[in-house]
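Novice: Could you build the full structure based on these sequences and the hints that come with them?
The primary structure of each chain is shown beneath.
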Amino acid sequence: MIPLPFAQAAVPRGIGLAEWLVDVDTWLGRDGILSSGLDTVTLCAAVMGTGMLIAVPSAALLAHSRRGELTATALVTLGRAVPTFAVAALLVPVALRRGWGFEPWPIFIALLLLALPPLYLNTYTAIRHVEGGVVDAARAMGIGERTLLLRVELALALSVIFTGIRVAAVQVVATEPIRAFLGGDGLGRYVRDGLGQNNDTLIIGGALLIAALAATTSVAVSVVERLVVPHGVRRLKQRTAARRGSVG
Amino acid sequence: MIAPLQAQNPIIRWSWFIDEWDQVQAALVQHLELTLLALGLGLLLSAALATVALRYERGAPPITAGAAAFYTIPSVALFGLLVPYTGLSRATAVLPLAGYTLLILITAIIDGFRSVPAEVREAASGMGMSPRRRVLTVELPLALPYIITGIRIATVSTVGLVTVAAIIGQGGLGRLILDGLRRAFWTPMTIGASLSILLALMLDLAIYRLGAAATPWTRRRGA
Amino acid sequence: MTECAIRLLNLTKRFDGEQEPAVSALSLDVPRGRTVALIGPSGCGKTTTLRMINRLVEPTSGRIEIDGEDASARPVAELRRSIGYVIQEVGLFPHQTVSQNIATVPRMLRWDRGRIDERVAELADLLGLETEQLGRYPDELSGGQQQRVGVARALAADPPVLLMDEPFGAVDPIVRTRLQDELLALQERLRKTIVIVTHDIDEAVKVADNVALLNIGGKLEQYAAPDDLLHSPANAFVEQFLGEDREMKRLALKRVGDLPFERGPVLDLGAAPAEARALLGDARSEWLGLTQDERFAGWVPRERVDTAATLDALPRELPAAQVHPGSTLREAMEVIMNSRTSVAVIDDGGRFGGVVTLEQIRSELARRAS
Numbered sequence: 001m002i003p004l005p006f007a008q009a010a011v012p013r014g015i016g017l018a019e020w021l022v023d024v025d026t027w028l029g030r031d032g033i034l035s036s037g038l039d040t041v042t043l044c045a046a047v048m049g050t051g052m053l054i055a056v057p058s059a060a061l062l063a064h065s066r067r068g069e070l071t072a073t074a075l076v077t078l079g080r081a082v083p084t085f086a087v088a089a090l091l092v093p094v095a096l097r098r099g100w101g102f103e104p105w106p107i108f109i110a111l112l113l114l115a116l117p118p119l120y121l122n123t124y125t126a127i128r129h130v131e132g133g134v135v136d137a138a139r140a141m142g143i144g145e146r147t148l149l150l151r152v153e154l155a156l157a158l159s160v161i162f163t164g165i166r167v168a169a170v171q172v173v174a175t176e177p178i179r180a181f182l183g184g185d186g187l188g189r190y191v192r193d194g195l196g197q198n199n200d201t202l203i204i205g206g207a208l209l210i211a212a213l214a215a216t217t218s219v220a221v222s223v224v225e226r227l228v229v230p231h232g233v234r235r236l237k238q239r240t241a242a243r244r245g246s247v248g
Numbered sequence: 001m002i003a004p005l006q007a008q009n010p011i012i013r014w015s016w017f018i019d020e021w022d023q024v025q026a027a028l029v030q031h032l033e034l035t036l037l038a039l040g041l042g043l044l045l046s047a048a049l050a051t052v053a054l055r056y057e058r059g060a061p062p063i064t065a066g067a068a069a070f071y072t073i074p075s076v077a078l079f080g081l082l083v084p085y086t087g088l089s090r091a092t093a094v095l096p097l098a099g100y101t102l103l104i105l106i107t108a109i110i111d112g113f114r115s116v117p118a119e120v121r122e123a124a125s126g127m128g129m130s131p132r133r134r135v136l137t138v139e140l141p142l143a144l145p146y147i148i149t150g151i152r153i154a155t156v157s158t159v160g161l162v163t164v165a166a167i168i169g170q171g172g173l174g175r176l177i178l179d180g181l182r183r184a185f186w187t188p189m190t191i192g193a194s195l196s197i198l199l200a201l202m203l204d205l206a207i208y209r210l211g212a213a214a215t216p217w218t219r220r221r222g223a
Numbered sequence: 001m002t003e004c005a006i007r008l009l010n011l012t013k014r015f016d017g018e019q020e021p022a023v024s025a026l027s028l029d030v031p032r033g034r035t036v037a038l039i040g041p042s043g044c045g046k047t048t049t050l051r052m053i054n055r056l057v058e059p060t061s062g063r064i065e066i067d068g069e070d071a072s073a074r075p076v077a078e079l080r081r082s083i084g085y086v087i088q089e090v091g092l093f094p095h096q097t098v099s100q101n102i103a104t105v106p107r108m109l110r111w112d113r114g115r116i117d118e119r120v121a122e123l124a125d126l127l128g129l130e131t132e133q134l135g136r137y138p139d140e141l142s143g144g145q146q147q148r149v150g151v152a153r154a155l156a157a158d159p160p161v162l163l164m165d166e167p168f169g170a171v172d173p174i175v176r177t178r179l180q181d182e183l184l185a186l187q188e189r190l191r192k193t194i195v196i197v198t199h200d201i202d203e204a205v206k207v208a209d210n211v212a213l214l215n216i217g218g219k220l221e222q223y224a225a226p227d228d229l230l231h232s233p234a235n236a237f238v239e240q241f242l243g244e245d246r247e248m249k250r251l252a253l254k255r256v257g258d259l260p261f262e263r264g265p266v267l268d269l270g271a272a273p274a275e276a277r278a279l280l281g282d283a284r285s286e287w288l289g290l291t292q293d294e295r296f297a298g299w300v301p302r303e304r305v306d307t308a309a310t311l312d313a314l315p316r317e318l319p320a321a322q323v324h325p326g327s328t329l330r331e332a333m334e335v336i337m338n339s340r341t342s343v344a345v346i347d348d349g350g351r352f353g354g355v356v357t358l359e360q361i362r363s364e365l366a367r368r369a370s
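Chains as they are written, first to last, in the working numbering: chain A, 1 to 248; chain B, 1 to 223; chain C, 1 to 370.
No wet-lab data here; the hints were simulated from the structure. Every value quoted in this text rests on a predicted model; they were computed, and no experiment measured them. Don't be surprised by glycine CBs; every beta carbon is placed ideally from N, CA and C. Hints may contain errors.
Heads up, incomplete: computed chain B residues facing chain C, CB under 8 Å, no partners named [as the list claims (entries may be wrong)]:
| id | residue |
| --- | --- |
| 1 | Glu-119 |
| 2 | Val-120 |
| 3 | Glu-122 |
| 4 | Ala-123 |
| 5 | Ser-125 |
| 6 | Gly-126 |
| 7 | Met-127 |
| 8 | Gly-128 |
| 9 | Met-129 |
| 10 | Ser-130 |
| 11 | Val-138 |
| 12 | Pro-141 |
| 13 | Leu-142 |
| 14 | Trp-217 |
If you anchor each label on the Cβ, the simulated ranges turn out as follows [claimed, not checked]:
| id | chain 1 | residue 1 | chain 2 | residue 2 | range |
| --- | --- | --- | --- | --- | --- |
| 15 | B | Arg-114 | C | Ala-121 | 32 to 40 Å |
| 16 | B | Pro-62 | A | Ala-155 | 27 to 35 Å |
| 17 | C | Asp-117 | A | Ser-65 | 53 to 61 Å |
| 18 | B | Ala-26 | A | Glu-131 | 52 to 60 Å |
| 19 | B | Gln-23 | A | Arg-98 | 28 to 36 Å |
| 20 | A | Val-219 | B | Leu-32 | 32 to 40 Å |
| 21 | A | Arg-226 | C | Ala-236 | 53 to 61 Å |
| 22 | B | Ala-213 | A | Gly-142 | 49 to 57 Å |
Specialist: Here it is in structure tokens:
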């Protein structure tokens, strides 16, 4: 049997949770929480950035031209069903053969697949449900299609798109810890190591850190939304979200 | 790091699949058991909570919000948090898995019952149907398409999540995945991952078929 | 048995959180085997009143007697199973076939299989539903067909009382007229006690034996037979509600066949031209009608008759204005207005049934309501 391909965080057994969490080394060390957390946040940010670059423009264009209805409905089902762990696992040997290394491509792609449906779906439904009257009025005033999409439809849809971003971001952050079982590190390492060492402190501490990061992500996206989305558009959200289809 | 030699292991070695069939079968059975247990428990809980939400107007928002909050708890964290209390047992796997189905199932049940047209309810009552009979023979069948869709999504997502339960020593096919990863021996990993995806698709299709058979009126629409 | 099937006594309904009662102190007698229409502006409590009869709404005070028995004393399920209920949205069960829908109440009453099947077939026949449609789902039927199924379902257990809440409100005008005619024909045979809620005064006067006109808050303004209501409105509210053309609406209540028979300036083809000239001399008509074997053969203009050798040789114009004994006077008037003659020929199943003149219609309107 080949040893685990990852470094173990050695933690003395019998140390209490509070003790572990206040120890400077726990946070600052080479395998410390800050560096592990940074690992996780970096990967998640990369996934979300890529996801938004792919999903938002394509959904916006398709919705603007009233096409791709079927894709949107199919994604409702798929969105909650992507087996991230299995997909990532299948990609590991592929990545290795290509010489991309053990990490982080498999988990990156699997998380991207997880993030795309809510991003795509919410952008699509939000733009589709911008009131026809508003669009007609804009066209009647001689506004070009490009400006219409960017300044009117996307602007009005922004709030619902942000909901999609929040759902996707929370799912990505909440799922990322399986990376620790796929040959990587990140915040999931403490639960992994705790399980490996039969160390409850490490398991609970790690679990709390993951949960805290997921909760923080949700709050952070909402804060960004408040800063970015105009007040008037945010009030539209309740109405649009009430219509079936968008994830919220 | 892994030696290049191990990276060159074949993605699947069929002889292993044949030799170790017993192990694969056991993993498959455990995977199915965990999925069904979690779904069964999830469905029971969802039915109870959805009933409360439907009966008391004010109950719905906190119940769905609670289920939604639960849904965002990272699975690795939840499995981990339970280990000190329930050990590396089946319960540690099933409880979170069931919890993750709640949001989907409760929403589906509530949507389903709310989709029953008011006039249908009115007509049933007007003809002297008891509320109990009305719920069982009229509202439940009409809510069924929504509930079945909910069960399908919950099933597929549970099959995927069961693999993660491998980190606490449960997880059926997930154990093959983890085992393969640890040894950089890809065959069990590929088999575990592929079979889990296949299992999800098969269960989805099976429930879809059952659902279609149970709701014949939805197929002839618009004829 | 009492003559009065449903009796509302001082019925009042006050909904929670509302200042004014929806229905206040309403008293109304519905005679057995008759159709009573509840009508009024929205907010007049007509639907609330209807729903109190089968206790979908419980009255705040007052009493409802059905066959002399207090409705609130009966178990509610049993009460409702003995009252047919038809609503505008029909409310068929989408997951059950047409025949299963119709069988709803008999099944609840635990009729045996054979009796249910027999009854479903009987009702399908009564309402003109095809056997092939019985196995279909409601969504596969048109709106009019769905409402026929709704009526069949309401009649399934042969309830003596039928409540109808805007039953024809959701179908197009042509289908609505047909369904109204079918209801009249059905009522002719079944003689149920029917309470029908409508907002359409034309529908009310057409289908009901008595019309109860309610004002906001369920206040009864007038309760009368349609002709009385239209001819002598009790007050300004009733008059305004009935509209400017209420006298014209009365015409819709009378049928051509009810008029005294009038032959008009009509002769057999074989008659002598002199006879024709004598007839036209008396009548002020510009046209002479000709019949052959008791069938109407066409019109000839007066000036042609003056010079004709035989009536048979004259070129005839076939009548544009044709009505049936069952046509309403309103229809007859419209037909006459659209034709070149001032009379309409009555086609009584192919035979000449006399004529209707504008003069007749006018004098009919002038007659006081009986």
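Novice: If a hint holds in the structure, say so; if it does not, say that too.
Specialist: Against the structure, the hints come out as follows:
1. Glu-119: Hint on B:Glu-119: holds, closest Cβ of chain C at ~4 Å, below 8 Å.
2. Val-120: Hint on B:Val-120: holds, closest Cβ of chain C at ~5 Å, below 8 Å.
3. Glu-122: 6 Å, holds
4. Ala-123: OK, holds: B:Ala-123 within 8 Å of chain C, min 3 Å.
5. Ser-125: 6 Å, holds
6. Gly-126: 4 Å, holds
7. Met-127: 5 Å, holds
8. Gly-128: Hint holds; B:Gly-128 Cβ to chain C Cβ min 3 Å, cut 8 Å.
9. Met-129: Holds, because the Cβ-Cβ distance from B:Met-129 to chain C comes to roughly 7 Å (cut-off 8 Å).
10. Ser-130: Holds, about 6 Å.
11. Val-138: 6 Å, holds
12. Pro-141: 5 Å, holds
13. Leu-142: Interface hint status for B:Leu-142: holds (6 Å vs cutoff 8 Å).
14. Trp-217: Hint on B:Trp-217: holds, closest Cβ of chain C at ~5 Å, below 8 Å.
15. B:Arg-114 to C:Ala-121: 32 to 40 Å: With a Cβ separation near 37 Å, B:Arg-114 and C:Ala-121 satisfy 32 to 40 Å, so the hint holds.
16. B:Pro-62 to A:Ala-155: 27 to 35 Å: Holds: the Cβ-Cβ distance is about 33 Å, inside 27 to 35 Å.
17. C:Asp-117 to A:Ser-65: 53 to 61 Å: 55 Å, holds
18. B:Ala-26 to A:Glu-131: 52 to 60 Å: 57 Å, holds
19. B:Gln-23 to A:Arg-98: 28 to 36 Å: At roughly 29 Å between Cβ atoms, A:Arg-98 and B:Gln-23 fall inside 28 to 36 Å, so the hint holds.
20. A:Val-219 to B:Leu-32: 32 to 40 Å: With Cβ atoms ~38 Å apart, the hint holds.
21. A:Arg-226 to C:Ala-236: 53 to 61 Å: 59 Å, holds
22. B:Ala-213 to A:Gly-142: 49 to 57 Å: The hinted range 49 to 57 Å holds for B:Ala-213 and A:Gly-142, with Cβ atoms some 55 Å apart.
Of the numbered hints given earlier, the model fails none.
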